[in-house]
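In order, the protein sequence lines correspond to chains A, B, C and D.
Residue numbers for the first sequence follow the numbering used here, so the first one is 1 and each next one is one higher.
Residue numbers for the second sequence follow the numbering used here, so the first one is 1 and each next one is one higher.
Residue numbers for the third sequence follow the numbering used here, so the first one is 1 and each next one is one higher.
Residue numbers for the fourth sequence follow the numbering used here, so the first one is 1 and each next one is one higher.
Rather than coming from a laboratory, the hints here were simulated on the basis of the structure.
Treat the hints with care, since some could be wrong.
Note that the list lumps identical chains together, so a pair holds whenever it fits in one copy or between two copies.
Derived pair list, reagent style DSSO-like, types lysine-lysine, alpha-carbon separation capped at 27 angstroms [as the list claims (entries may be wrong)]: (1) K144 - K24; (2) K160 - K144; (3) K136 - K24; (4) K136 - K217.
Protein chains: 4
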Amino acid sequence: MGSSTSESIKEGDWVLIYFDEKRKYVVRVEAGKQFHTTMGGIDLSSLIGKKFGDGDETNVGEPFVISRPRLVDLLETFHRFTQVIYPKDLGYILLSSGVGPGAKVVEAGTGTGYLASVLAYYVKPSGRVFTYETRKDFYLKAIKNFESIGLLPYITAKNKNIKDGIDEKDVDAVFLDLPDPWSIVDLAYDALIHGGSIVVFVPTVNQVERTVVALKKKGFKLIESVEIMMRKLKAVQGEMRPETVGIWHTGYIVRAQKL
Amino acid sequence: MGSSTSESIKEGDWVLIYFDEKRKYVVRVEAGKQFHTTMGGIDLSSLIGKKFGDGDETNVGEPFVISRPRLVDLLETFHRFTQVIYPKDLGYILLSSGVGPGAKVVEAGTGTGYLASVLAYYVKPSGRVFTYETRKDFYLKAIKNFESIGLLPYITAKNKNIKDGIDEKDVDAVFLDLPDPWSIVDLAYDALIHGGSIVVFVPTVNQVERTVVALKKKGFKLIESVEIMMRKLKAVQGEMRPETVGIWHTGYIVRAQKL
Amino acid sequence: MGSSTSESIKEGDWVLIYFDEKRKYVVRVEAGKQFHTTMGGIDLSSLIGKKFGDGDETNVGEPFVISRPRLVDLLETFHRFTQVIYPKDLGYILLSSGVGPGAKVVEAGTGTGYLASVLAYYVKPSGRVFTYETRKDFYLKAIKNFESIGLLPYITAKNKNIKDGIDEKDVDAVFLDLPDPWSIVDLAYDALIHGGSIVVFVPTVNQVERTVVALKKKGFKLIESVEIMMRKLKAVQGEMRPETVGIWHTGYIVRAQKL
Amino acid sequence: MGSSTSESIKEGDWVLIYFDEKRKYVVRVEAGKQFHTTMGGIDLSSLIGKKFGDGDETNVGEPFVISRPRLVDLLETFHRFTQVIYPKDLGYILLSSGVGPGAKVVEAGTGTGYLASVLAYYVKPSGRVFTYETRKDFYLKAIKNFESIGLLPYITAKNKNIKDGIDEKDVDAVFLDLPDPWSIVDLAYDALIHGGSIVVFVPTVNQVERTVVALKKKGFKLIESVEIMMRKLKAVQGEMRPETVGIWHTGYIVRAQKL
Numbered sequence: 001m002g003s004s005t006s007e008s009i010k011e012g013d014w015v016l017i018y019f020d021e022k023r024k025y026v027v028r029v030e031a032g033k034q035f036h037t038t039m040g041g042i043d044l045s046s047l048i049g050k051k052f053g054d055g056d057e058t059n060v061g062e063p064f065v066i067s068r069p070r071l072v073d074l075l076e077t078f079h080r081f082t083q084v085i086y087p088k089d090l091g092y093i094l095l096s097s098g099v100g101p102g103a104k105v106v107e108a109g110t111g112t113g114y115l116a117s118v119l120a121y122y123v124k125p126s127g128r129v130f131t132y133e134t135r136k137d138f139y140l141k142a143i144k145n146f147e148s149i150g151l152l153p154y155i156t157a158k159n160k161n162i163k164d165g166i167d168e169k170d171v172d173a174v175f176l177d178l179p180d181p182w183s184i185v186d187l188a189y190d191a192l193i194h195g196g197s198i199v200v201f202v203p204t205v206n207q208v209e210r211t212v213v214a215l216k217k218k219g220f221k222l223i224e225s226v227e228i229m230m231r232k233l234k235a236v237q238g239e240m241r242p243e244t245v246g247i248w249h250t251g252y253i254v255r256a257q258k259l
Numbered sequence: 001m002g003s004s005t006s007e008s009i010k011e012g013d014w015v016l017i018y019f020d021e022k023r024k025y026v027v028r029v030e031a032g033k034q035f036h037t038t039m040g041g042i043d044l045s046s047l048i049g050k051k052f053g054d055g056d057e058t059n060v061g062e063p064f065v066i067s068r069p070r071l072v073d074l075l076e077t078f079h080r081f082t083q084v085i086y087p088k089d090l091g092y093i094l095l096s097s098g099v100g101p102g103a104k105v106v107e108a109g110t111g112t113g114y115l116a117s118v119l120a121y122y123v124k125p126s127g128r129v130f131t132y133e134t135r136k137d138f139y140l141k142a143i144k145n146f147e148s149i150g151l152l153p154y155i156t157a158k159n160k161n162i163k164d165g166i167d168e169k170d171v172d173a174v175f176l177d178l179p180d181p182w183s184i185v186d187l188a189y190d191a192l193i194h195g196g197s198i199v200v201f202v203p204t205v206n207q208v209e210r211t212v213v214a215l216k217k218k219g220f221k222l223i224e225s226v227e228i229m230m231r232k233l234k235a236v237q238g239e240m241r242p243e244t245v246g247i248w249h250t251g252y253i254v255r256a257q258k259l
Numbered sequence: 001m002g003s004s005t006s007e008s009i010k011e012g013d014w015v016l017i018y019f020d021e022k023r024k025y026v027v028r029v030e031a032g033k034q035f036h037t038t039m040g041g042i043d044l045s046s047l048i049g050k051k052f053g054d055g056d057e058t059n060v061g062e063p064f065v066i067s068r069p070r071l072v073d074l075l076e077t078f079h080r081f082t083q084v085i086y087p088k089d090l091g092y093i094l095l096s097s098g099v100g101p102g103a104k105v106v107e108a109g110t111g112t113g114y115l116a117s118v119l120a121y122y123v124k125p126s127g128r129v130f131t132y133e134t135r136k137d138f139y140l141k142a143i144k145n146f147e148s149i150g151l152l153p154y155i156t157a158k159n160k161n162i163k164d165g166i167d168e169k170d171v172d173a174v175f176l177d178l179p180d181p182w183s184i185v186d187l188a189y190d191a192l193i194h195g196g197s198i199v200v201f202v203p204t205v206n207q208v209e210r211t212v213v214a215l216k217k218k219g220f221k222l223i224e225s226v227e228i229m230m231r232k233l234k235a236v237q238g239e240m241r242p243e244t245v246g247i248w249h250t251g252y253i254v255r256a257q258k259l
Numbered sequence: 001m002g003s004s005t006s007e008s009i010k011e012g013d014w015v016l017i018y019f020d021e022k023r024k025y026v027v028r029v030e031a032g033k034q035f036h037t038t039m040g041g042i043d044l045s046s047l048i049g050k051k052f053g054d055g056d057e058t059n060v061g062e063p064f065v066i067s068r069p070r071l072v073d074l075l076e077t078f079h080r081f082t083q084v085i086y087p088k089d090l091g092y093i094l095l096s097s098g099v100g101p102g103a104k105v106v107e108a109g110t111g112t113g114y115l116a117s118v119l120a121y122y123v124k125p126s127g128r129v130f131t132y133e134t135r136k137d138f139y140l141k142a143i144k145n146f147e148s149i150g151l152l153p154y155i156t157a158k159n160k161n162i163k164d165g166i167d168e169k170d171v172d173a174v175f176l177d178l179p180d181p182w183s184i185v186d187l188a189y190d191a192l193i194h195g196g197s198i199v200v201f202v203p204t205v206n207q208v209e210r211t212v213v214a215l216k217k218k219g220f221k222l223i224e225s226v227e228i229m230m231r232k233l234k235a236v237q238g239e240m241r242p243e244t245v246g247i248w249h250t251g252y253i254v255r256a257q258k259l
C-alpha cells in the first residue's frame, strides 16, 4: 500500500494471496487464525516473517504466492452494506476536486466508507477526512472498515446528520454521496475555503437536475456534470474486441467551485 | 492546491483569476509583471498581500475575484508540446496503480509532464517520481513545468532513454506513456517490487494487443485493458441531456501486476 | 435508389458525382442547368444518356465519375430547416416499429421530412405515410423535399396540428418527433391497430420521463426507452482506434405497443 | 407484420400472446396444436376466427390478449444456432446500404437467417435476397426459418461457399457476416452495380483492419467503420437513469461503395 520497503510480513499486515488469475484473496494477517479458500486452508500465523513474493502451500498442497494488495483491493474487503463507488468514479472525483496530501475535507454519507477511505489515503499523512453518517449501524461498521485497513488515524467519523450542520470550517472540498445533496449545498458553501470544490455523486438525472439548480442558486461557479464510463477490452491476440456485457451506468458526478 | 490555510497571497503563488463562467485564468504571481486578459491587464504585484476570495479590477475596470487553482487547473498552464493525458484517464491510472503518499514510481516518457506531475502530487511529500525522456528539449521544458507548479522537489527528471535501463529498484509502480511500451515490459518487471503495478497508456488497439502479449509472456498477472470515457451533461432545468458533441476517445489503459 | 437496372441516365434522375473521398455531390439531372463544384462546373444536360459508372470532366478538366446515390445521400440534399434525425436513429426507429412494405403510418411533425421520407421509402409501393406539420412554411418545403426525391406519391402531407386529431384509423404505427409527444399519446392510441407501435424521438431526459408517464397512463405496453450511439473508427492499418471527437448525443427513442 | 387489415386470424398466421410485461409469446397458429406457456396451455385451434385485440384464457384460466407481432418479434422465434445480429445493428446495416423495396442483394453466411430475413422484409415484394451458406445443416434450418415467417418467396438460399463465386450480377448490395470477409471483397466488387454498397459485420477490431485494407486495395470508396451502441434507460418517474448493466459490444459495421 504505497510502501516500497521489502521488510518481513508482520501481524496486522494485509496480504494478497494469489493462486491464479481467477483465485486471489486479500486478507489481514492475524496470528492463530485460519483462512479458508476454495483451494484449501491457510494458517495465517505461518505467513508472519515471510517476505512479499514468497510462495507457500495450503493445507491441501495448493501453491500460492504472497504479495501486496493495492488500495482498491483493500476496499474490496469491506463488508458492503450500501452501494459503493467504483474506481473509475473515485479517480475522477479525486482529481476533479483538486484534493491531495494535506487537504482537509468533509464527506457525507459515510456508507460503507469507500469514498472516505480513498480520500484519507490521498490526503494523509497531514490531511484529514471528516465523514458524516446518520445511521448508527453504518457508522460503526464504517469505523471498523477504516480501522481494518489502517486509515482510521486520518478520518474523523461522525454519527451525525450533515443537514444539522458542518462543524468544520475552511475545508478544501466537500463530497456528497447521499440521496438529496441539494439540501446540503448551502452548508457546503459556508464550510468551503474560497476556491474549494463541492463534488456530488448521484445515480439519477433528476438528482443532477435538482443539484445543479441548487448550486446555481447558491452562487457556485464552474458547475460541471459528467458521467464516467469504463469499457473493458477482451484483449486476445488477433481477436481484439470490447467485452460483450458490462456496466453501463453507476452515477453522475457534479462538481462546482466556490468562487 | 490542497492547502486549507487562509494566509495572504505572496510572490510565486498560483492564483485563479475568475471573471465569469467563460473567462478564467490561472497565473503565477510575479512582482513587476503585467498579465494580459481579454478583460484588460492586471498588475500582478498588486495581488501580493491580498487574500484568496478578494476581488479586484483590471486596468479597464473589469471586476474579477482571486482564488485557488486545483492541480488540474495548474496542469492547464503547462506549455503543451506533446499529447497530454486527460483527468478522466489520470484518475483511473492513479487509482488502478495503487500508488499513494510515500510511493516510489518510475514513468516514461516525460513529455509535457502531466502524468509525472499528477503522480508527484499524490506521492508527496515522502514519495518520489523518476521520469525518463529521450528528447532533450522535452526534458528541459518538462523540468520548467514541474518547477513552475512546485512539484520539482518530488521529481527526478532524466534525459535518458528508458530502454537503456531503469536505474531504480523496488519501485511501487511503472507508468508508460510511449509508443512502444512492450519493449519496456521486461525492464519494468525487474524494477518493480513484488505486487507492484505496471500501467500503460496507449491510443491504439494494436498497441494494446502488443502490450498484452508482452505482459503475458513476461509473466505479469491480473492484466486488465480498459478505456475510460467521460460524457458531459448539458444540465439545464427541464431540458437535461448529454452534450451533443464530445471526446469519444483518448486512449486505452492497460494494467498488470508483478505477482 | 434500390433499382438494379443499368439503363441510361435521364432527366430527373439523381446522380452521385464522385471526385474523391473528400469531394462528392448529389444532384438531380436537369437539362440546361449548370452545377457548380469546387472542382469546376458541370453541364447537367451532358449527363443525360450516360450510364452509371461512366466518367466525365468538369469545365476545368477535373475528372469525376457518375454513380447512384443511396437514400441517405438523397436526404442530405434536403434543405434543412429543422433538426434532422440521423441514420443511426432512423434505422432503429424503423426496425423497432415493425413497419415494412405495405404499412400505413402516421408521423408528426414533418419538419424537414427526413423521417417521413425514410418511412415512405420502406412502406412503398403499397403503403402510405400521413405526415402532420403545423407550420405552413415547413409543410411547403417538406413537400418540395419529398417531390424532389420521388417519394411524394407515397406521402400525404398535411398542414395541420396533429393535436387537433388524427384523421387516419387502424394505422400500423405512429411516429412522433415533436416537443410534447405526451400530448398526442391518447390520439395515437385510438389511431393504432391492435399490436401497433408508437415511436417517439426526443432530445431530453425530461421529455422521455413525461412521455413514459403518459404512455403508462394510457395503457400502452412493452414500453422501452433507449438511445443509439454511433462511434466511428479511424481504421488505419496498425493504428486502429476510435475517432477522437464525435457525436455523443442526438436523442432518445421511446417505443411502446398497443396491446 | 406491416398489414393494416383487421381480418380474422387464420391458420398459419403469427400471433403475439400477451399476458403481461414479463410474459409474452410469439406463436404460429396451427389447428390441433397445443401451445404451452408458464401461464397454462392454449388450444391454438381456438384462436382461428378471432380478431387481433381479442382476449381469451389459458386452460387454467389465465387471461391473455391476442395481437400482431413485429418483424423483430418473429426473428426471436428462430431457432438460433449461430450468433445473431441485433436490431440496433440491423437497422443501421439496412439504412447505410441504401437497400429498399425492389433491391436485389447478396448475403453470406446465412447462419440463422436474421439478416437475410430483415433484408427480404424490406426488399419485398419485387426485390430478392440471395443468401449463401456452406454448412448444409445451417442452410436447411435457415430455410425453415424463412418459410415459417413467410419470407421464403423473396429469398434464394444456397448451400454454397460464396468464395467459390457469386452467381448474381448487378446486385445493389452485398452483405457479409462471416469470419473472413476480406476474402470475398474482390468477388463482391464484381457482383455489385456501380454505386452499390458492401456492408460487413464483424466482432473484432482485427477483422475491421483486414477488411478495410482489402477494400482499399480493391478500390472501394467511401469506406466507413462504425459501431452502434444501444443504451437502455430505466425510465421511472423522478428516478430517470440508464440501466446499470447492458450490452457494450456486438460488432463493427464496415461499409464501402463501388464508385
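Exercise for review: Give the relationship of K160 and K144 under a CA distance limit of 27 angstroms: within one copy only, between copies only, both, or neither.
Suggested key: Only inside one copy: K160 and K144 sit 17 angstroms apart there, 47 angstroms across copies, limit 27 angstroms.
Exercise for review: Using 27 angstroms as the alpha carbon limit, work out where K136 and K24 are close: within a copy, between copies, both or neither.
Suggested key: Neither, since 33 angstroms and 43 angstroms both go past 27 angstroms.
Practice item. Have a look at K144 and K24 and pick one of within, between, both or neither, based on CA distance no larger than 27 angstroms. Key: So K144 and K24 pass the 27 angstroms test inside one copy only (23 angstroms; across, 43 angstroms).
Review point. Given identical chains, is K136 near K217, meaning Cα to Cα at most 27 angstroms, within a copy, between copies, both, or neither?
Key: Neither: 33 angstroms inside a copy, 41 angstroms across copies.
Of the numbered hints given earlier, the model fails hints 3, 4; all others are met.
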